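Colleague: These protein sequence lines are chains A and B, in that order. Under my numbering, read the first sequence as residues 3 to 464, first letter to last. Under my numbering, read the second sequence as residues 6 to 375, first letter to last.
What the hints contain is simulated information worked out from the structure, not anything from laboratory work. Note that the structure is a prediction, hence the values are computed from the model and not measured. Warning: the hint list may mix true and false statements.
Across the chosen pairs, the derived CB separations fall in these ranges [said to hold, decoys possible]: (1) B:Q290 to A:S148: 17 to 27 Å; (2) B:Q290 to A:G173: 23 to 33 Å; (3) B:Y162 to A:Q140: 40 to 50 Å; (4) B:R101 to A:E176: 57 to 67 Å.
For each residue, glycine too, the CB sits at the ideal point set by N, CA and C.
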Amino acid sequence: MEEYDVIVIGGGNAALCAALAARHAVSRVLVLERAPEHMRGGNTRHTRNIRCTHAAADQFFSGPYSEEEHLQDLIGVTGGPANLDLAKMTVRESSKLPEWMSAHGVNWQQPLAGTLHLGRTNRWFLGGGKALLNTYYQTARRMGISIRYDAMIEDLVIENGRFEGVRLRNGETEEFIRGRAVVVAAGGYEANIEWLKKHWGDAADNFIIRGTPYNDGMLLAALLKKGAKAIGDPKGFHAIAVDARAPKFDGGIVTRLDAIPFGIVVNQLARRFYDEGENIWPKRYAIWGGLIAAQPGQMAFCIVDSKTIDCFLPPMFKPFQANSHEALGAALGLDPKVFSETVAEYNRASAANTEIRIEVLDGACTRGIAPPKSNWAIPIDRPPFYGLPLRPGITFTYMGVAVDERARVLEQSGRAFANVYAAGEIMSGNILTKGYLGGFGLTIGSVFGELAGREAASNARA
Amino acid sequence: MPGLDVFQEANRQLIICNACRYCEGYCPVFRAIETRRDFNKGDVFYLSNLCHDCRACYYACMFTPPHEFAINIPKILAEARIETYQRWSWPGFLARAFKDRGITVILAAAVAAIVVVLSLLLIPANGLFAIHLGPGAFYEVIPYIAMVIGGLVLFFYAIAVWMRGGARFWSETRSVLHQPGGLKAFASALTAALGLRHLKGGGPGCFYPGDQPSSVRRIYHALTSWGLLSDFVATTLAFIYQDFFHRLPPYAFTSAPVIFGSVGGVALIAGTGGLIWFKLRSDRQPEGAGASGMDYVFLVTLGLTALSGMLTLIFRATAVMGSMLILHLALIAALFLTAPYGKFVHFVYRSLALIHYEIEQRQPQQHVGH
Chain A
3 MEEYDVIVIG GGNAALCAAL AARHAVSRVL VLERAPEHMR GGNTRHTRNI
53 RCTHAAADQF FSGPYSEEEH LQDLIGVTGG PANLDLAKMT VRESSKLPEW
103 MSAHGVNWQQ PLAGTLHLGR TNRWFLGGGK ALLNTYYQTA RRMGISIRYD
153 AMIEDLVIEN GRFEGVRLRN GETEEFIRGR AVVVAAGGYE ANIEWLKKHW
203 GDAADNFIIR GTPYNDGMLL AALLKKGAKA IGDPKGFHAI AVDARAPKFD
253 GGIVTRLDAI PFGIVVNQLA RRFYDEGENI WPKRYAIWGG LIAAQPGQMA
303 FCIVDSKTID CFLPPMFKPF QANSHEALGA ALGLDPKVFS ETVAEYNRAS
353 AANTEIRIEV LDGACTRGIA PPKSNWAIPI DRPPFYGLPL RPGITFTYMG
403 VAVDERARVL EQSGRAFANV YAAGEIMSGN ILTKGYLGGF GLTIGSVFGE
453 LAGREAASNA RA
Chain B
6 MPGLDVFQEA NRQLIICNAC RYCEGYCPVF RAIETRRDFN KGDVFYLSNL
56 CHDCRACYYA CMFTPPHEFA INIPKILAEA RIETYQRWSW PGFLARAFKD
106 RGITVILAAA VAAIVVVLSL LLIPANGLFA IHLGPGAFYE VIPYIAMVIG
156 GLVLFFYAIA VWMRGGARFW SETRSVLHQP GGLKAFASAL TAALGLRHLK
206 GGGPGCFYPG DQPSSVRRIY HALTSWGLLS DFVATTLAFI YQDFFHRLPP
256 YAFTSAPVIF GSVGGVALIA GTGGLIWFKL RSDRQPEGAG ASGMDYVFLV
306 TLGLTALSGM LTLIFRATAV MGSMLILHLA LIAALFLTAP YGKFVHFVYR
356 SLALIHYEIE QRQPQQHVGH
């Protein structure tokens with residue numbers, strides 16, 4: 003029978019970090035990736051940068067980013083982590099990541115132009131997430147790590163709190179692989195619409211899943227069934243506004259729209275429902291998925307005019323376009339009268355037409371309407387007018403298994419399983435509760451992946 | 006996507022790239038994309054010639070087939086590039102050679118055959134296999150005047166067709182440029198072209214022949230282009246020696262023409278051989294339809310020209326010199342006659358695209374987006 007020191011379940015960033023870290027201490031490491039080779043890597047495929055604490059500017063960071071500031075950003079955006087100690091540890095340990103990643107072959111680049119001004123806080127790997135994964139897989143192969151694709155896990159065998167191995171399904175046959183320790187880094191359950199429906203009802207049918215279709219949460223379900231302690235709101239997720247014409251799965255970055263602070267957003271009733279200029283976009287982009295999910299039909303429309311249409315990243319799908327408010331409303335399938343009233347009301351309340359400087363809060367706010375638009379509230383008055391249909395784009399879910407500071411999965415009693423570790427999305431709920439901080443998903447995955455791999459390996463040697 | 010021509014399909018893909026931008030660090034193509042919102046034919050002409058086919062973006066892209074977005078930038082730009090080669094070549098019936106490899110091969114073979122036949126007719130029967138030594142030895146096989154006239158005619162014909170194509174490239178892509186770029190832009194483009202800067206794949210190297218970056222292809226390419234330059238220098242030096250200093254070839258092994266010539270020849274043989282070897286093993290997915298045939302014809306002609314030159318040098322004191330020389334001259338004739346109708350043209354358009362890029366980057370324009 004096949005036996006490994008460490009079995010890593012999953013194939014994304016957290017899983018590969020775990021496998022690489024484990025391989026430094028033990029010789030027999032197996033990665034079980036559910037997806038076929040060309041789809042390997044889970045949601046890491048769609049990432050492009052990682053948030054890291056660092057003391058000073060360097061070739062790739064434009065300035066320092068202290069532990070305190072990093073933690074404050076996390077607390078500010080997420081409303082406080084579920085487990086403050088783990089959040090602090092993640093922020094602290096993130097300072098070691100650039101060096102560790104470079105040592106495992108990762109190449110870097112300058113921050114991308116036209117993105118969310120993350121050049122000081124986040125580090126950009128050359129070519130984005132799939133390139134990062136290619137590098138890690140090539141490094142893993144060079145280090146003698148075994149990798150299996152299309153690995154369908156039937157069950158985790160855990161007896162008396164101790165992991166014994168995994169049962170794999172190969173078509174009609176089953177296979178058992180023994181392992182001395184396991185790292186579960188198999189992602190969230192955002193691609194499992196039925197699971198989402200348990201918490202969101204039929205609204206989940208209208209969600210767009212931005213990443214891999216393989217994150218069905220089977221391993222999370224298996225761990226919970228074996229008595230792992232759940233942590234996090236089952237409705238919690240990182241979700242943004244994406245173009246409603248995006249594919250159901252795997253549309254990635256290109257369906258995302260950054261137009262909202264430049265205009266207004268209305269729902270299917272042609273009414274505004276939230277302050278589009280509440281704060282700078284990097285601090286607000288991650289709330290719009292949830293906001294749209296709460297609207298009728300899980301649908302919204304961002305409206306801009308010819309003054310601002312060229313100010314945001316050019317969208318993949320052509321905006322709807324018309325020369326009058328009524329005509330645009332009709333083109334978007336909205337009640338033209340209500341729609342033009344909404345725009346007219348906003349225009350009357352808006353500030354004077356000025357140049358928009360989107361990176362600072364300009365205080366150009368609406369007067370006397372609800373909801374207000376607190377910044378960049380210039381009128382939508384220069385045709386042609388443009389409309390972009392929006393839906394919630396789910397990046398990943400937060401509910402997961404509780405872990406301790408050694409990345410060990412906890413049982414409901416609070417005691418840790420003997421040799422079961424978790425990393426990545428599947429345990430992100432220990433830190434993320436709501437909201438999102440750009441590039442922090444990879445920070446969690448990398449810190450906990452490396453930690454889980456190291457701990458699992460030392461456990462396997464014992 | 007079915008139903009779209011090359012330029013529509015390139016436009017479709019480039020719009021998706023512009024919404025993504027993950028590949029910005031790899032090469033100028035993506036930085037040039039970011040200064041645009043839509044991609045007309047002129048943009049695609051320009052971008053396709055700016056692409057060095059390093060393939061880094063193909064392996065980094067999460068939207069390559071079978072993903073429904075079906076992004077494959079090296080492939081579509083290679084196909085657009087072939088369209089531009091044909092579009093800007095002249096005359097039309099020969100320009101079709103970019104799509105129909107048979108024309109190039111027939112052209113090359115025909116001119117080579119003409120050279121061989123004429124040579125054999127001109128040479129006295131006992132001259133071909135005789136041993137010729139001392140100054141003017143080569144001209145005892147082929148008369149000097151025939152060599153010079155034939156060479157110059159073919160050389161300037163190629164240059165003329167290239168220049169005509171270059172002018173078309175410039176007029177059809179230059180609409181975005183509002184001001185001249187100055188010497189700095191030109192110098193930067195020149196060093197990028199000579200140093201093959203953009204075959205670095207953003208740092209780690211070309212993703213060629215497979216999915217792992219390496220600098221080997223860049224080295225093979227550098228051996229080829231620098232080898233060719235070295236041989237060009239050797240030829241020019243020999244011309245100067247002969248017509249200004251009245252020193253007839255063959256020259257000593259330690260003379261400048263022979264040193265430049267043989268260094269260039271060896272580099273060319275190694276470079277073209279390496280490129281062919283890599284091409285044979287390369288990933289077919291990111292390859293443009295029809296691109297590799299064109300590449301092979303050029304690489305083989307160039308490699309054989311260098312090889313025959315080296316053999317002429319090695320055997321110049323023996324009875325086979327005459328045959329080798331005729332073969333070498335026939336291959337040079339084939340190389341130059343097909344130069345405007347094959348992969349050779351890429352250096353013209355890529356150099357111009359690099360100049361275009363360096364000027365464009367110095368314009369006071371802005372990246373689209375915030």
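Colleague: Against each hint, give a clear statement of whether it holds in the structure.
Modeller: Results for each hint:
no.	hint	in the structure
1	B:Q290 to A:S148: 17 to 27 Å	26 Å, holds
2	B:Q290 to A:G173: 23 to 33 Å	28 Å, holds
3	B:Y162 to A:Q140: 40 to 50 Å	48 Å, holds
4	B:R101 to A:E176: 57 to 67 Å	60 Å, holds
The structure meets every hint from the earlier list without exception.
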